[in-house]
Structures are given as C-alpha cells and as structure tokens.
Amino acid sequence: MKLNWFSPLPPAQTDIASYTARLLPALAARAEVTLWTDASEWDAELEKYAEVRRYDPECLAWADLNRGDMCIYHVGNNALFHGAIWQTSRRHPGVVVLHDTSLQHLFAGLFLQQLNDSARYFSAMERYHGVTGRVEAEQVFNGLANDLDYLGKHYPLTSLGIADALGVVVHTEGGLSLLKRGGNGPPAAYIPLPFGDEHGRARRSESGGASETGDARYRLIVFGHIGSNRGLESVFDALASLPARNRFRLDVYGRIWNENYLRAKIYACGIDQLVTLHGFVPDEDLNAALAAAHLAINLRFPSMGEASGSQLRLWSWALPSLVTALDWYATLPADAVAFVRPDHDVEDLQKHLNAFLSDPASFAQMGERGRQTLEKHHAPGKYVDDLLEVVAAAQRFRPRAALYQLAERAGECMSAWSDSVPGAEACARAAEFIDSLGFRSRLTAKGSASRGKPLS
Amino acid sequence: MRILVATTQVPFVGGGAEMLALKLCDAFRSAGHEAETVAIPFKWYPPEKILDHMLACRLLDLTESAGTRVDLLVGLKFPAYLIPHPNKVLWILHQHRAAYELWDHPLGDLIHAANGAHLRDAIWSADRQIIPEAKAVFALSRNVAARLSKFCGIDATPLYAPVPDADKFHCAPAEDYLFYPSRLSRVKRQGLVLEALSRCRGGVRVRFAGAPEKPSYAEELEALAERLGVRERVQWLGTVTEEEKRELYAGSVGVVFPPVDEDYGYVTLEAMLSAKPVITCADSGGPLEFVLHEENGLIAEPTPDGLAAALDYVWENRTRAQRWGEAGRAHHQSMNITWPEVVRKLLS
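Just so you know, the sequences run in chain order X and Y. So for the first sequence, this note's numbering puts the first residue at 1; every next one is plus one. So for the second sequence, this note's numbering puts the first residue at 1001; every next one is plus one.
No lab work stands behind these hints: they were computed from the structure. Do not take every clue at face value.
What the hints assert, rightly or not - Under 10 Å between C-beta atoms, here's a sample of chain X residues computed to sit facing chain Y:
no., residue
1, Ser18
2, Leu60
3, Leu65
4, Asn66
5, Arg67
6, Thr88
7, His344
The beta-carbon is built from N, C-alpha and C at its ideal position, and this holds for glycine as well.
So that you can see chain X by itself, here it is in the shape it has in the complex:
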C-alpha cells in the first residue's frame, strides 16, 4: 500500500503536525508513506520513516500521486497549514481526515487572504449555506455584524472541506453525525484520535507521579494554542474568589491570543503571584511541566467540535483534567475527567478545585483512568488499521466518484437546454440517470467503510 500523506509537519506549530509525527511509526509499519509538505523545513526525524517531498499545489507531479494507492489529506481550520492541502484535494481527490468540522476560518483565510478571491468565498457560502449564509458572511466582512467565530458556528463550510472526497475520517462521533449522510456518498468513519503512550507513562511511573510542591502547593496547567475559547478568564475568576487559592499555582504554556489583555486580567484578579504565562516552549520543557503538574484545565467554549490532541497528551501523563461539557469533551468517560458546564464554569471550576484539595488521590485515579482510556481507544496501531479500511473502501468508491462528476457535467449540459431546469436539479437527475444505467447497484455493495456510514 502506497500512501501520499498531506499534513503539516513538525516543527509547524499545530497539533496536527504532532499527530502525524506520533502516528508515523505505526503507519510506516503498514504502508509505504510519502509525506508531502508546502513548508520549507521539516523535522529530519520524519525521514526515518518516510520520504518527505515539497510541493506547490499549482504545480504538482500528478503521475507521482497517481502511482500511489491513495492520498490522505489532513484538513483543519487554519489556512496557513491546510490551504494548500485542501486545494490539492480538490484536484486529486482522496481520503480527507477532518481535524475540525467547522472550517470557516480555513476558507475565509484561504479565499480572502491567500487567494484574494472573495467572489469564490461568497459563492461557496451561498452554495453550501444558502443566500442567508452569503448575506451574513458579507455583513461580517463589511464589519456590519458578528465575527468569524459566529460564522464558524452557524456556517461551518464542512461540506466544502470534503467536496469530492473519496472517503472521510473524523475523530469525533459528533463529527460523523454532523456529516450529511445518504446512500451515494463516499465512505466515512469515526476513528478516535490516536496518541501513543511512548514517553508519558514511563516517566510518570519512574517519578511516581508529580508530588505536591514543597510549600504544599499544587500545580495546575493549561497548555496549547491559547485562544479566546480556552476559558482562561473563567479560570482566573475561579481562582481569584477561591478561599484556598494560595494552595495552587497555575502555569500557562503556549501561544496566547491576547497576552496584554490576559496579564491585565491577572492583575485585576489579584492572582499575579499564582499565575505564570510561559508562552510557547520546546516540547521537552512542556513535558517536564506536564510531569510536574497535578491537575490540568482543558476548556473549550465554544468548541469547534474537534477531538483534542491536548487531552490525549494529558492522559498520556495520567493527568486528571477539567474539561468543558461540550461536543467531543462531553463524550469522554465521566470517571476519566471532571466536567465544567459552560454556563456554570466558575462555579464548577471552584467545586472541582475544592474537591481536589479534599481528596487529591481520587483525582490521581481519574488521571490513571484517562491513561487507560488512551491505551484502549487511541492506540496508533488500531488507528492505522481502521484508516486503511477506509482507504480500501475509498479505492472501491473511486470509479463511482468519477461517474458523479460525469453526472455534474451532464447536468450542466442539460440545464442549458431549458431555462426551467436549474443546474443543480439537472445534475441530480443526471446522477440518478447514471445510477439507473446500472453502475450504482454494482458498486454500492462494497462502498462503505466498516465504521460509520456513506455520505451523500
């Protein structure tokens, strides 16, 4: 099996790059992998497992892709990392791994900033979200209404992200249910996000887990890309009014969306002695911090629906964690995390912090159960097995995908014959017509993956 793998690669500062690096050993054991990147540098360690090739989406050696069995495209919500990948996926369809189900930021960034093609962006909004979607987008970009996060929630452009895909993989059950399903689409599957336990368990067991600091204080940790949805303001508020607040120290690692604002908030809450903003640090430093931490806070409000690589990393260190009771996080085992309700976040945070102080051992057990969950459901080898099943189903789907594209051309042709037949209707009828010729019944039987259902 020859796979062409389009993904951000380390040192790109996205967890999807880390995901590829983590998965690569298991993947390379089962398939011949070529990693494709539009970045100018990558971690040389990757080349132990796969050839790395640079590409320009406007000038690709298609024969090299055609010689492979399947292209795997990793699509997330950041045009910087995923714009070129998505563009390539439209020209040479393959299996799309959706790391985010809301892709509004990807397409706004790609069309409006990278390609300077607002007409295409607004046209896509209308095609996938109707006139209302187009009008709301125009209002946002004319500064008249709401913001991009609002558009992302209500008009996610998910369908554009997987347009023409031969197969779709999502990392959340919610993501799978969001995809519009029917009988004629590509195979789709929910596969839990993989995460190896290669270092965390060993180090934690060696050290016996983090111990309370010498001055009887516990270390709280928040890490990752610290955007406005990470709930830090609520954490600060919770700490500020917690009677036992001096028993905690909070370390924040990762790029911060508005550092000045957060520092002002910290001072305003009077917790500047408790909170340290470390910014982005090397992996080794972050690992050391995770090993030393007692409790993690991993909030998302709003959530983009994605599975959290950060959460899996916390579990790999057997760290107990407080998570938002929303989307993917709400599906996590109740004995492996503690939930924070979005509309009662300060109250719940304080409740959990007090509970931690009362019984830190039970929280340590929670972290251990998280690690067991990781081992059971997120092993890279199992992920690769499931992914290769989707690839096989996508290979079987490929002839039919070509026929539906043919149906679109036929529909466009027919729509010109009469001004009373809209193009989309003509395309749909042409697709039905092709089905009636017998292609569908012969191909559908093998056209779905073992997990999930076909998309329409």
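Got chain X; can you put chain Y on it based on the hints?
This is chain Y only, laid out in the frame that chain X set:
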C-alpha cells in the same frame, strides 16, 4: 441478419482499424447479411472527455433502425463496444490503452492527469461490468486477449483479422532498403529505428511510409535523423496509396516493425504476404504471435544496439532474408486467416 459493426474513429485519422471495420462489413455482406458500420467519433482529451464518450455510447439505442430490428451488434473499439444491445458480440481490437498497459509507461498520458486514477478506475469498472454483457468476446490477438484477462479477468478468444486485399501482395527482387510502414508515432518507435541505424555497421537504409500522428513529431524525427547523422539513409514517404505500399513491400529487403506492445499489427502479415522477413522487438506485442526468430524474421532486444544488430544481419544476409520471407508467407497461409473464417466464428 441485419448487423451493425460499431467502432470508434478519430476524425481525419485513419488506419488499420477503420479498414478492418469496412472489410468486416464486406465480409458479412458476402456471407449474405445486411451490414453497416457505425463509427463513434472519439476524443480523449481533456481526460474527462473519455467518460463523456463512454456515456454517449451507453445512451445510444441501436436495437432498431427505422422500425426494423438490428439482429446483431459487433463492437470493435473502446468506447463503441460499450453500446448496449441484447445480441452483442465483441471483437475487441483494443481497450483504452492509457488506462491499462500504458498506464505507467513513458507513452501513457492518463497518469499525468490530476484525476487520472479516477478516470482509470472508472474505465476499468465499466469494462469489467459491460464487456461481459456480450454473448461472446473475441480479441484481435492473443496479446489483446491476454490484457483482457490480466486487467479485467475476462476470457476472450483470439481471432486474427485478415489483411485487406491480401491477394494483391506480391514479392519482387529486393532493392537496397528496409521498409517501415506505419503512422509516425512514439508508440511505433521510428525514433528507435533511427537510433539503431546510427549504430549499424553497414549502410542500412530505411524507407518510412505513413502520416505523422502530430506534425511536430515528424519534425522531431527529421531532426533526430540529422543529429544522428543518418539523414541520407532514411526516406520519409508520408502517406502512400495501398498500391504504392504493396510495391514498397515487394521491393524491400525486409520489413522493420518494432512498435511498443502492438495490439496486432497488420504490417507483420503484409510483410509475410510479400514474402519478406520481419524484424521486430521482444516487447512489440502482436508481431510476436507471428514472427518466429530466425525462421521467418528476427526478434531483437528493444535497444538501439539490439535492433542495429538485427538490421545489419538481414541487410548483409540477403539470401537468408529471402528464405525467411518465403517461410513467413507459408506460415501465414497455414493459419487460415480469412474473412469467411472470421464471419463463421463471430456468428457462431
């Protein structure tokens, strides 16, 4: 019976396949049937057009004509052989080669298309599903049958096509040239012949007959001949009449025919009918079903040196070349490749 022979034609490009369709109709008529050809125009670029043409063929209704039933449809070429008919017999001249044996080949074009794999798989799928609709499947050669078996798992019976006007071919005393009749095309490898000529010991001369597939390719070949220093030893005759072609066969020392994996190759049989030895290559496909090494021709390695050695040998051993030519003519006669035999098998 009312019989339609369905084939494909690239407008303004004619060749052996078009002639075969016409001669097959003649043969049906000679056997007392009513027969006509239906030629579907074909354009394979941009690659999506291939599927458009396939669909167009599937939409055709050739079960009746002007209220009268068409009793039999004989499909010859892709995608015309996809045309539906309740009583269909296929005599497959070739599939869409860029999706099969020429997929990952220097001569293949489909693999370089962004959606090449999609289209290849769609073509494979259609062939696998629709070819078996036919009551019987014949292939122009063992080579074509082997491809059908290898790529599609479909068994086909090889059925050789007679050379049109076979009785008009004759042999004359050899003049000082080898003959290579074929359209000028990369798949026919005239360039390899030029490379070989540049490495020949003696003064081997070759006359090429045939129109270029693209005008630019003819210019490319002439430039190559100039660069290799063999311009004086080659002649580009362009399109010749059938009668001129037969005379060129008759007066040659032997015939050079080293294409890439040829489906069949009338040239081989025409050379044999003219009692001329055939020099072909080990990867030339169809000709290998007829050329017996050092019995009625030579099978060379497909390299400039390999082919040069074979050209030199025939050029320098005229008596043996003549004997091999006569052996080729006898071999052809022994195979009973006739139109009545073709008609009998297609209708059986």
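Hint-by-hint comparison with the structure:
no.	hint	result
1	Ser18	30 Å, violated
2	Leu60	8 Å, holds
3	Leu65	8 Å, holds
4	Asn66	5 Å, holds
5	Arg67	6 Å, holds
6	Thr88	9 Å, holds
7	His344	51 Å, violated
Checked against the numbered hints listed earlier, the structure breaks hints 1 and 7; every other hint is satisfied.
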